[in-house]
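Chemist: Same order as they appear, the protein sequences are chains A and B.
Per the working numbering: the first sequence = residues 291 to 958.
Per the working numbering: the second sequence = residues 176 to 572.
Hint data in this document are derived by calculation from the structure and do not stem from the laboratory.
Do not rely on the hints blindly, as some may be mistaken.
Stated by the list, open to error - Mimicking DSS-like on lysine-lysine, the simulated pairs with C-alpha atoms at most 30 Å apart in a straight line are: (1) B/Lys316 <-> A/Lys296; (2) A/Lys341 <-> B/Lys312; (3) A/Lys786 <-> A/Lys621; (4) B/Lys365 <-> A/Lys296; (5) B/Lys226 <-> A/Lys440; (6) A/Lys502 <-> B/Lys365; (7) A/Lys330 <-> B/Lys437; (8) B/Lys187 <-> A/Lys296; (9) A/Lys497 <-> B/Lys437; (10) A/Lys509 <-> B/Lys226; (11) A/Lys333 <-> B/Lys437; (12) B/Lys321 <-> A/Lys502; (13) B/Lys312 <-> A/Lys296; (14) A/Lys509 <-> B/Lys312; (15) B/Lys226 <-> A/Lys296; (16) A/Lys500 <-> B/Lys437; (17) A/Lys444 <-> B/Lys226; (18) B/Lys314 <-> A/Lys296; (19) B/Lys386 <-> A/Lys319.
Stated by the list, open to error - Some chain B residues flagged as far from chain A (calculated, every beta-carbon gap over 12 Å): (20) Pro340; (21) Leu376; (22) Leu493.
What the hints assert, rightly or not - Label pairs and their in silico Cβ distance ranges: (23) A/Lys386 <-> B/Thr384: 49 to 57 Å; (24) B/Ile375 <-> A/Val318: 28 to 36 Å; (25) A/Leu308 <-> B/Cys377: 19 to 27 Å; (26) B/Ile221 <-> A/Glu495: 35 to 43 Å.
Cβ coordinates follow ideal geometry from the N, Cα and C atoms, glycine included.
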Amino acid sequence: MPVTEKNILTRLYIVAGLLFLFAMAVLVKLVSIQMVEGDKYRKLAMDRTEKMFTIAPKRGNLYSDDGSLLATSVSRYTIRFDAETVGKKDFEENVKPLSDALAKLFGKTTSHYQQLLRKAKANKNRYALVARNLDYSDYIAVKQFPLFNKGPYKGGLIIEQKIVREHPLGKIAERSVGYERVDENGYYTRVGLEGAFGEYLRGIEGKRLKQKIAKGQWKPIGWDNIVEPQDGYDVVSTIDINIQDIAHHALLGQLEKYNAEHGCVIVMETETGEIKAISNLGRTTDGKYYERLNYAIGESHEPGSTFKLMSMVVALEDKVIDTNTVIDTEKGNYKVYNRTVRDSKHGGYGKITAAKAFEVSSNTAFAKIINNNYKENPEKFVNRLMNMNLHRELGLPVKGEGTPVIRYPGDKGWSGVSLAWMSHGYEVSLTPLQTLTFYNAIANDGEMLKPRLIKEVKEWDKTILKFEKEVINPSICSKETAHKVQQLLKNVVEKKHGTGHGLYSPNFSMAGKTGTTQKNYVSKDPEVMKYISTFAGYFPADDPKYSCIVVIHEPDKSVGYYGADVSGPVFKSVAQKIYASSPLVDEVDVHDAETKNLDEEFQRYFAASNKKYNEVPNVEGMSGMDAVSILENLGIEVEVKGNGKVKKQSIAKGTDLKKVNKIVLELS
Amino acid sequence: MLGFLNKMNGDKAIWAVVALLALFSFLPVYSASSNLVYVVGNGTTIGYLVKHAILLLMGFGIIYGVHRIPTHFFKGLSLIAMPVVLLLLLYTLAQGQVIDGANASRWIRIPIVGFTFQTSNLAAVVLMIYVARYLTKIKDKTITFKESILPLWLPVFLVIVLILPANFSTAGIIFSMVLLLCFIGGYPFKYLLGIVGAGILCLTIFILTAKAVPDLFPNRVDTWMSRIESFSNPEDTEADYQIEKAKIAIATGGIVGNGAGKSVMKNFLPQSSSDFIYAIIVEEYGLLGGFVLMFFYLLLLFRIVVVANSNGTVFGKLLVLGVGLPIVFQALINMAVAVELFPVTGQTLPLISSGGTSSWMTCLAIGIILSASNKHAQSEPEEIDETNPLEVLSGQL
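Same shape as in the complex, but just chain B:
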């Protein structure tokens, strides 16, 4: 056991934050499960708890496994994973899971385990590593936009386009994160502006096409429109239901909250265990709980910055930021939705929500950050081990 602990390398503070958040996550997940059991009529409360525990345990396994991978291996891995991810995304989109008549094909079912798997989460991590790799590669060059189209923007474009029809907000976040990483990684600013412009143009075309010919391909344009409309529309609309309940939950929480499991609004918020979990946490644990949770995410942000800072390589820095910032960003988006700073998106609260496999991708990202924070793993080897193909691949990139 001690040996195992000793093998846990990397930033101790990140380990601690992740462990605390994971432990804390049992409370809101257990509380929200009563709604699923007694109102929706699915499973048992203990069942949800056990399922959550298993997911977290496996997540921990992922963190542990990933953090022992030498950082520079991720270069090669991302290159290999990219086509796989694109195929998975294509498959996901093609099978067309329909929710409420709108296309919400975000999940594929993992055959044996039975868990559903949101491919866009994996795609996001892989894409960020890929972009980090590219940015590292061009760090000393002055590149033209033309040169970067094929190696950088084509994969980005493909991933985004494959996610967009089913999951606008994730596509948007991934796109923003890519831009952010490019900005940090020194990609020319003027080109970035061009890309943003092109992105907006593409989106407009997409939406207009979807509106004009609704049956052409499955999409959720109507859902996005209504959500954005209800956010900007001051009058009460049907879509305000969730956000109103979330605000009621926050308002009744008070300073110290109603107490664990005593949330009332969890019964009315359809996504009480994922999208609106922050509102439920504030209802049960009050402003105090809300602030502490925020503090942990900011601590994570701080540690990510510290790890990026202390990592000796440009790839290491960009890798940490590329996979780390989205976690914090997603957390902030989730909380912003609950307090009505942001339209309803359907982003989970990383490490807290019982979002199933999406938490594994967070764990993957955490593992990568920990790997990068590991002093032993970060220095590139002097000599390339010819027998390890990954070593060869990563070294050349």
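Bound conformation, chain A alone:
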């Protein structure tokens, strides 16, 4: 069959027609994908390729009252090594210099790192730990090291960055500064100041829409974040790092000395309720002390003798006694029903005034006062306590405040002996901070302030929120009562018979109350008896600036356990050091008669030296030093005989200065 042009063309048209149909089929399918299946695939596109990312805001800083950093967020880097991705040649060439560099930076031996890297290489380890928690400058240095400078693929460098919270003060106030953690369910674990002020510090998470561009790689879509991240505010707390430091070390020293279980110190500014220091130290199994639990706020326990202040205030307010009412301490034994209240001093104190009962801390006297006067109407006593807000939590922003226990007649646990025991601090329970709040109220003439840990919330220099003092109860007792018990508290330290007299110092005044609480009195065995030593008070006694409580649990009895011996020195140490560093107190210190004279003399000298003279001044009666300086400043040569004040000047006052070259002063 011969091939002609015509039959070639016929067949060509058939083929071309088929190709055209194929092309049309492609286009139809194209349109159908868009129109029919379009929605499904567009949704798939969104699901597979777009994702909302959260941008973590920067957490705000936590400052002390003077602007020192208590907590801040910094980046930390962990360096790991992927031995598989590194070529054999690269590895062999660089393993030595890299190990050298690492050894130099981290202070270990070269062989240590060489061994580590070689082992990783041999085991095909793709995630070998090299260094943990590096700061930024170390991280930059490590990045430049041989081999690592080749990057993640050739150099095997794996970098993991995390944000950590740093406490520049270290272990000091660690627990009080606290932390805040959030788990995957969004539940916050809130500890200390960090937890308390988390809502200010946290900031607001940003949101950013990102598009997947490959496995694990995401590219931001558009210019802007969907939600801009907002950095957390800075919080200025009331903590004073100097006082905190003093309190921490004073407590630590005493805990170590007495090998105590744990203890806490709180220092509060009397006028404002600001907590200046809060230190909690507990003993670990290795016998060292660390900030462990927030005992000051969380641990509610029987306060013991420090509660006598509350009893005293109640009794004085109800006028059932006065400070000079005489009470028989019954040879140190006072029986209520089948139980006996005992004084710590064997044989009691005889017949003493209520004031002295407080100062010597007589259990029997207080049991007697309260029991005798309120046993017909115990509600009255308890109501009075409750009116002083002692049964309420302080409502602190810090989580975990211990609940106070003040039983009401008829409550579970109330019995006939309750009044007698409550009078000296048993069958009631308060946290150290709650006790301190009451003592502070007394120092404040009855105005009870809420303890505060926060001063200000700031965004850079801008103040967002300012916190002023908060009054819980403007008057827990009359001014008269307050003044009476203030005197008693002062006497505890100042009077020779006072339980706190051991702390007495003539240089500065303190007021306070000791407490020695039996912890596990249910067991009668004195061997296992444990104590809580407390000292609560304020200073200076007459013009209180700070109140302070020291609570030490379970001191070693062989060394001592009385509140005055164990906790008192911490209180004194804190008071003394704050005193010494506070200018106001310095002024008080030097105000004696002698300095008054000095002052006057200086004023005279100052006036004399500032005058402009044309003739010889009268320097008789001046101190020799002052006279010499004045005369020499006038250009006169001065000869001095003797010591002391000027008795006689050789050239009389009023002589023209131009005629005078030399003057002789006779001193007495």
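Starting from the structure of chain A, add chain B where the hints point.
Modeler: Just chain B now, kept in the frame of chain A:
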């Protein structure tokens, strides 16, 4: 310059279509390069653009050079090239480039230039010319099947067999195109059916051998099977990944597309700059872009038909169709893959994909078509110039 332009002979419409497609190709190639640079981590985006420009420029040089060759010279050239091509194919297969554990020895590296070269593309063009020559030669005879075995089917068989292990789809397309050309060229239909039957038989044997003794010779049978399975299997399989992404790309493109360079799916389609470029073009330029591109290929088809029509010689016609139809066919296959009309094959989109040297072979084919469309070059000379051996060779064939 004007002189140069004047020397550009042949069908102006084909010149225009080729130039437009070449210019347009910069856009998808540039867009796809961001994926290669930022995700795969190779080179720079400008680098890819420059490389593409160089390839196209050289391609243009090929078109220009080839289109000035008198059409009937290709007869002789194909005869000379045939053994060379077979050797090259053998060499390519022997060096055994392995991709993902499967044999994908399709490329050889050109020593000095550094480009890789897909020998099967050259083989396809040469084979088509060879077949066109044979068909022209037997146009007036009635031949028996036996007679055609040695001069026609042996070279075809050799080429196909050498390509098949590494590149099933190209082998298949070449085989289909040979059959198509034979059909158009008046080769007896009954023999063609026989050949198809024989081809299927050979393929079956090949696959069965490969399955039974996998280590006997390097092959990609498993890849083909999985691709065909995933095409026919309605459930989502691992191999559906690419086609699903391609469809997502098409669906998000809409009528006018997301805009140049704004494709998202290019980041997930491993072959975004070659095999699935049509999907990316639709994503960026919408249905509109997809239709326009299709229109250009159909225009090319139309012009190829017109050139074949107007060429005075049987060889000229068959030559134009032999090298021209595969271009359009390949383009349609590529687009059909993207819209899931056809299993994933790995065919590039001629003149658009940055397929490197494969575009040169397209240029070679275009040059041949242009040569055939050239009125001055198409008429065979009255007298054979005895001094030109190619003339002598071509004239005798």
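Chemist: If you draw a straight line from the CA of B/Lys226 to the CA of A/Lys296, is it 30 Å or shorter?
Modeler: violated, 45 Å
Chemist: Given the hint that A/Lys500 pairs with B/Lys437, test it: the Cα-Cα distance must not exceed 30 Å.
Modeler: holds, 14 Å
Chemist: Assess, step by step, whether the Cα of A/Lys509 is no farther than 30 Å from the Cα of B/Lys312, and give holds or violated.
Modeler: violated, 61 Å
Chemist: Run the distance test for A/Lys497 versus B/Lys437: straight-line Cα separation, threshold 30 Å.
Modeler: holds, 23 Å
Chemist: Going straight from one Cα to the other, do B/Lys386 and A/Lys319 come out at no more than 30 Å?
Modeler: Distance ~34 Å between B/Lys386 and A/Lys319 Cα, so the pair is violated.
Chemist: Hint check: B/Lys365 vs A/Lys296, CA-CA at most 30 Å. Holds or violated?
Modeler: Distance ~21 Å between B/Lys365 and A/Lys296 Cα, so the pair holds.
Chemist: If I claimed the Cβ atoms of B/Ile375 and A/Val318 lie 28 to 36 Å apart, would that claim hold in this structure?
Modeler: holds, 29 Å
Chemist: Compute the least Cβ-Cβ separation between B/Leu493 and chain A, then decide whether it is above 12 Å.
Modeler: Violated, since 7 Å does not exceed 12 Å.
Chemist: Given the proposed pairing of A/Lys333 with B/Lys437, does the C-alpha separation stay at or below 30 Å?
Modeler: This hinted pair holds, its Cα atoms lying about 18 Å apart.
Chemist: Holds or violated: B/Lys316 and A/Lys296, Cα atoms, limit 30 Å.
Modeler: holds, 17 Å
Chemist: Do A/Leu308 and B/Cys377 keep their Cβ atoms within the hinted range of 19 to 27 Å?
Modeler: holds, 25 Å
Chemist: Tell me if the straight-line CA distance from B/Lys314 to A/Lys296 falls inside 30 Å.
Modeler: holds, 13 Å
Violated hints for the displayed structure, listed by number in ascending order: 2, 6, 12, 14, 15, 19, 22.
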